[in-house]
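A.B. asks: Now for the letters of each chain:
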Amino acid sequence: MKNRPWLFLAIVLVFLIGLASTAAAPALADAPKEVRLAFLNGPRPWILGKIDGSFDQAFGVPVKWVRFPSGPPALAALAAGEVDIVRVGSVPVTSSLARGLPFKVIALSGVIDTSERLVAKNSIKTVKELEGHSVATVAGSTAHYALLAAFKVHGVDIKNVKLVNLNPADQLAAWKRGDIDASYIWGPAWHDLEQDGGHTLLGSGALNKDGYYLFNAFVVSNDFAEKYPDLVVKFLEVFQKTVDRYQADPDGSAVLIAKELEQGLEGAKLTLAGLVYPSLTEQLKVEWLGDGATTANSNIAKSFGDQAAFLVEQNELRAKDVPESYAPFIDTSFLKKAANP
Amino acid sequence: MTFRGPKQGRPLGVAISVISVAAFVGLWYVCGRLKLMSTLILPPPQEIWISAVEIFQDGYHHIPLWQHVGISLGRAMVAFFLAVLVGVPLGLAMGLSQVLSSALEPFVQFFRPLPKIALIPLAILWLGIGEVSKIFLIFLSTLFTVVVGSAASVKSVGEGKIRLGAALGATRFQMVWRIILPASLPEIFTSVRLAVGVGWTTLIASEMVAAESGMGWMVMNASSYMRTDIVMLGIILLGLAGYLLDYLLVVAERVTVPWAGRE
Numbered sequence: 001m002k003n004r005p006w007l008f009l010a011i012v013l014v015f016l017i018g019l020a021s022t023a024a025a026p027a028l029a030d031a032p033k034e035v036r037l038a039f040l041n042g043p044r045p046w047i048l049g050k051i052d053g054s055f056d057q058a059f060g061v062p063v064k065w066v067r068f069p070s071g072p073p074a075l076a077a078l079a080a081g082e083v084d085i086v087r088v089g090s091v092p093v094t095s096s097l098a099r100g101l102p103f104k105v106i107a108l109s110g111v112i113d114t115s116e117r118l119v120a121k122n123s124i125k126t127v128k129e130l131e132g133h134s135v136a137t138v139a140g141s142t143a144h145y146a147l148l149a150a151f152k153v154h155g156v157d158i159k160n161v162k163l164v165n166l167n168p169a170d171q172l173a174a175w176k177r178g179d180i181d182a183s184y185i186w187g188p189a190w191h192d193l194e195q196d197g198g199h200t201l202l203g204s205g206a207l208n209k210d211g212y213y214l215f216n217a218f219v220v221s222n223d224f225a226e227k228y229p230d231l232v233v234k235f236l237e238v239f240q241k242t243v244d245r246y247q248a249d250p251d252g253s254a255v256l257i258a259k260e261l262e263q264g265l266e267g268a269k270l271t272l273a274g275l276v277y278p279s280l281t282e283q284l285k286v287e288w289l290g291d292g293a294t295t296a297n298s299n300i301a302k303s304f305g306d307q308a309a310f311l312v313e314q315n316e317l318r319a320k321d322v323p324e325s326y327a328p329f330i331d332t333s334f335l336k337k338a339a340n341p
Numbered sequence: 342m343t344f345r346g347p348k349q350g351r352p353l354g355v356a357i358s359v360i361s362v363a364a365f366v367g368l369w370y371v372c373g374r375l376k377l378m379s380t381l382i383l384p385p386p387q388e389i390w391i392s393a394v395e396i397f398q399d400g401y402h403h404i405p406l407w408q409h410v411g412i413s414l415g416r417a418m419v420a421f422f423l424a425v426l427v428g429v430p431l432g433l434a435m436g437l438s439q440v441l442s443s444a445l446e447p448f449v450q451f452f453r454p455l456p457k458i459a460l461i462p463l464a465i466l467w468l469g470i471g472e473v474s475k476i477f478l479i480f481l482s483t484l485f486t487v488v489v490g491s492a493a494s495v496k497s498v499g500e501g502k503i504r505l506g507a508a509l510g511a512t513r514f515q516m517v518w519r520i521i522l523p524a525s526l527p528e529i530f531t532s533v534r535l536a537v538g539v540g541w542t543t544l545i546a547s548e549m550v551a552a553e554s555g556m557g558w559m560v561m562n563a564s565s566y567m568r569t570d571i572v573m574l575g576i577i578l579l580g581l582a583g584y585l586l587d588y589l590l591v592v593a594e595r596v597t598v599p600w601a602g603r604e
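Top line first, the protein sequences correspond to chains D and B.
All residue numbers in the first sequence are consecutive under this note's numbering, ending with 341.
All residue numbers in the second sequence are consecutive under this note's numbering, ending with 604.
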């Protein structure tokens, strides 16, 4: 074959120029072409807004819903500028902010109570009895953090437990074979395990009294928040409306959400009921995000710090990467506007 | 094939390869130094080097780095060995027997291009979450390429040689052992090299199943925490190990089949 080094070099050069220009392209406009929302498989009230298009109506531009299997890839897409707003668990938020991803936390989408659970085979009666057994979880998730917190609270020596990292989709197979005896996982995945000879040992809400808070948050890319602050406020207003609608009719909403996500109704209903939804006004209290002035002392800012310390302990993050406080990454200005229109 | 190129061309070829790699790393380093890209999106070589030193000293997840490399190589080598052990005789038999070939061909052609990641749920159900299911996935992705290559190699044996053997009164066993096998070996080696390349790509998929160590697992785990420096380190190690495996096969071929390419 005849060698054509110049042709090859030219192709590489064109490719690199293309890459550089897309990265540097300025996009100044009053409204974006579309708003891209990233959602995960978990059933949540805001999915009602996906079904009836209420976000599209409020924004005045179409919404593109992008589905992700878990939080970390959704945040990677946010960093790449592929999505604008993400609903994601607190642990991926903690690690991504430490690694310098450009986004801010704008609100809580829900506080985890029994929507994430430690489910074990019926023969295992207490958390302590998990010693000597295999427990599955998803590395780097809120469930993983909650599992290790539960071990601490109940005096389980982690050396005596075999932790198995498995995707939710693969857990049922391993459970059926008896390769795992328990799992800390989100709904509706735990519903399948409970249907197959399992029972709940605890939900994440039980850890609150020991100072462990697990929650989901809405995060928005810095870029989008700067360019379209009004849309971020509108987003939160519509979100609160979907929560109100869910709370007025939990069963009817669950039917719609389960259908939209193509999931079993019972698991979706229990998962939706397993979260606490503090209203936008409540979220401004120091008990949750605080009102800006009190944010540094808020439970959520502290909880981010705790989760970061945990990730450093687990050797997942470098201590030098962890910010002194997570308060600067929490922006409650949108929350205030949406709560007091 | 560059590995068997003319002798006088080789030192120059090596020099060009070295310069091209050095230029690439240099450009990458400069991009990092000038902060053309966020270090999160493309960690510069200096940051990867720092992480590499840290992990080399303290291990990743308290497991020494050589153990991550070793366990991945171990999983792959066992799978490759089994694939050659099963695949070469099976392929030769298919090449020699029209009946067997017709009987197995549909299965081979069905499984060969199948993305092995699709088999993960079944592998867990059949073989659990231990080492066996991981090795099974790599084995499967390697096996069929070896079978197809071995079967094809028989057909490429020169008609003249077979006629010569028949004229000299060779038995069927002698025909296979003395004529067909030696003549097919170079092609079999090529198919094994291809198969190892394919199998190596399945390593990450196999280590997505409940692994706690291994280079593929390291990459997956680090990505959940946005540790792109460790992701890049893992990718570099995976690439180098794959390179090394291929090189070892080339050496093995030169030693065992010195007659390769001399016809």
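Calculated directly from the structure, the hints in this document are not laboratory data.
Remember, predicted model here, so these are calculated numbers, not experimental data.
Misleading hints may appear alongside valid ones.
To be verified - Okay, derived cross-link-like pairs now, EDC-like style, lysine to aspartate or glutamate, Cα gap no bigger than 20 Å in a straight line:
1. D:Lys64 to D:Asp52
2. D:Lys121 to D:Glu131
3. D:Lys50 to D:Asp30
4. D:Lys302 to D:Asp113
5. D:Lys152 to D:Glu129
6. D:Lys162 to B:Glu395
7. D:Lys162 to B:Glu472
8. D:Lys121 to D:Glu194
9. D:Lys159 to B:Glu553
10. B:Lys376 to B:Glu388
11. D:Lys320 to B:Glu388
12. D:Lys125 to D:Glu194
13. B:Lys376 to D:Asp321
14. D:Lys162 to D:Glu313
15. D:Lys209 to D:Glu287
16. D:Lys176 to B:Glu472
17. D:Lys234 to D:Asp113
18. D:Lys320 to B:Asp399
19. D:Lys64 to D:Glu287
20. D:Lys336 to D:Asp306
21. D:Lys320 to B:Glu395
22. D:Lys241 to D:Glu226
23. D:Lys337 to D:Asp244
24. D:Lys336 to D:Glu226
To be verified - Part of the chain D face toward chain B, derived, beta carbon under 10 Å:
25. Lys64
26. Val66
27. Gly71
28. Pro73
29. Ala79
30. Pro92
31. Ala98
32. Arg99
33. Gly100
34. Asn160
35. Val164
36. Ala169
37. Asp179
38. Asp210
39. Gln314
Glycine included, every Cβ here is placed at the ideal spot set by N, Cα and C.
A.B. asks: Which of the stated hints cannot be reconciled with the structure, identified by number in ascending sequence?
C.D. replies: 3, 6, 17, 19, 20, 22, 25, 26, 34, 38
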